[in-house]
Amino acid sequence: SAVISQKPSRDICQRGTSLTIQCQVDSQVTMMFWYRQQPGQSLTLIATANQGSEATYESGFVIDKFPISRPNLTFSTLTVSNMSPEDSSIYLCSVESGITYEQYFGPGTRLTVT
Amino acid sequence: DAKTTQPPSMDCAEGRAANLPCNHSTISGNEYVYWYRQIHSQGPQYIIHGLKNNETNEMASLIITEDRKSSTLILPHATLRDTAVYYCIVRVANYGGSQGNLIFGKGTKLSVKP
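Residue numbers (the working numbering), protein chains in the order written: chain E, 4 to 117; chain V, 7 to 120.
Be aware that one or more of the hints could be misleading.
Claimed, not checked - Residues from chain E shown here face chain V by an in silico Cβ test under 8 Å; the list is partial:
(1) F69
(2) P70
(3) F78
(4) L95
(5) E105
(6) T115
(7) V116
(8) T117
Derived from the structure by calculation, the hints contain no laboratory data. Built from N, CA and C at the ideal position, the CB exists for glycine as well.
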């Protein structure tokens, strides 16, 4: 299984600002995913990030609001731009095993926007 | 929308088997059944997956009905640390394409009690 770390683990931000979340994996992976979990809700996929190509965004999520970088096979960032209180959520990254296709998740970044 | 239906909550006595049901009556022939769990304030954890045969690993057993329209996750000897939200997900197991994405429903909140 892959070991995934995220930075920061939590942050409190003011509305109108942006926050970049980092996701680091201990092995090279092709596909990385970013999810959002709003308070009391289940996980929702934001986008899929493959190294060397543009991220693929799910319905309801746009690149201007959630720009993603994937500079190499072990690292990705998600930026939450022009934040509002509705962006207060846990943001999680995950990677997919190349053999059995299960996904492994990071610990999450708990974001509070005031 | 999630393709699975799960009871919103279940209780289980510590040391007893926890049997978590999942209905997936519209499952396609190339879709697998995956189970994940999310312990409070942590990222989801992969448990097990299967196509049509019953599967067992060190964490749990997965029983899939012959018609594949439902399945049961079995935790043979539940402990307090198994208290979590359990998600049953059906997906195509391959790289790329939205069919392979994990779509999380509301899951079953399992409470293991002493």
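Open item on the list: Flag every earlier hint the structure violates by its number, smallest first.
Closed with: 1, 2, 3, 6, 7 and 8
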